[in-house]
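**Q** Chain A is fixed; fit chain B onto it per the hints.
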Amino acid sequence: MAKDETSKRHFFRLLRRTARGATVQGKVANEETLLWSSHDRALASAREAGESAQRIASSVAKHRGAADTLADRARAVATRAQDLSVNFQRIADAFGRLELVALNAGLESARLGDAHGQSLGLVADDVRAQTTRGAEAARELSTSLSEVGSEILQLNANLERTREASADIAQDAARVGGAAADAERALVELGERLRKATGTDPETARAIADATEHAKALVGALGTLSGKVPQTILVNALRPALEPLLRLLEERPEEE
Amino acid sequence: MSGPGSDRSVGGVVVRSPGGLRFVPATVALRVLPMPQRVRVPGAPASLLGVALVDGEAVPLVDFGAHGEALLLCTYHGEGLGLANVEVVATGRFEPDGADAVTVEGARVPYFDFPAIVEHVQSGRWAV
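Just so you know, the protein sequences line up as chains A and B, in that order.
Residue 190 in the working numbering sits at position 190 of the first sequence; the count goes up by one each step and never skips.
Residue 378 in the working numbering sits at position 122 of the second sequence; the count goes up by one each step and never skips.
Worth flagging that the hints you see were computed from the coordinates, not collected in a lab.
For glycine and all other residues, C-beta sits at the position ideal for the given N, C-alpha and C.
Wrong hints could be hidden among the right ones.
Label-pair ranges, simulated between beta-carbon atoms [to be verified]:
hint : chain 1 : residue 1 : chain 2 : residue 2 : range
1    : A       : 158       : B       : 298       : 51 to 61 angstroms
2    : B       : 275       : A       : 158       : 32 to 42 angstroms
3    : B       : 335       : A       : 83        : 42 to 52 angstroms
Bound-form chain A, shown alone (with noise of 0.2 angstroms):
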């Protein structure tokens, strides 16, 4: 009998003990999860980072490709426009031309008088207004494909200007890139130098807080049940899952 109060004595001194120091070393450990997990979450944000800069770089090549294509089509369509243009022009000055033969043979119904010149009169009229219309309709031409030219020689300068666009882009993630993967061995460097500080990993880590963490709770509940149920009850009960932690608790280096 008083071999059992010795042992409750002990029991309930060491668990008081091991509830302060938890207190302490609970901090600590939890202190460190969130480090290691700070560090895990900094690493991984610095891999994706490369990761994506590396996306961004193959996307923006890819876009420069398309870019160089179309301004080679561009340039193509602008020069073809502007010989259409041109020949168009060729067009315009032989209906101009025509048109004076028109007018000659016009001028020549007229010196001929009504008997004989007017039917070459008619002809000639019915000839000119048709080679006015003509010459009217490939200018128009003429003109237009003159601005399909120039709007599409504009689009190329647009293009080159969304190329440099690109490369600039294509730069700026290399660099990212770059940077991503310093940051990415500084973080490993920095595990490192942590694990070797705290003597610890982050499973290990984690592993501590969660046990610390149900400690405080245990004692926390026996605390509130102090009092309330005699304590022989209390031990007899919790005897099966409080002896192995008895056991651990007393090979603590501070307890010897």
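**A** Frame of chain A, contents of chain B only:
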């Protein structure tokens, strides 16, 4: 071309000038040509654009003052004369309206004043 004319109708060319339409009779107007290359005559008045070779003959070119692109080759007192930058409105036979005009689509169109322009070109110190 105007419609069928009467026995009195006059054949010729109607051209647009800064002062309105003018009529050049077919006895004076020879041909309508594209503007030829020309050379300036030193000291000549501005209205005399220069001299051009037309069918192998040197022809003085007088600026008509219109915005056309054609040359109306004329003969005046047996000499060739080119009206430059002419815009031809119509050719054909037109009813006379007095001694110095014709009627074109109901409007009175005076004859082109060749004596006045020749006199203007020949005036000044460059011509002796």
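**Q** Indicate, hint by hint, whether the structure satisfies it.
**A** Now the hints, each set against the structure:
no., hint, in the structure
1, A:158 with B:298: 51 to 61 angstroms, "52 angstroms, holds"
2, B:275 with A:158: 32 to 42 angstroms, "50 angstroms, violated"
3, B:335 with A:83: 42 to 52 angstroms, "45 angstroms, holds"
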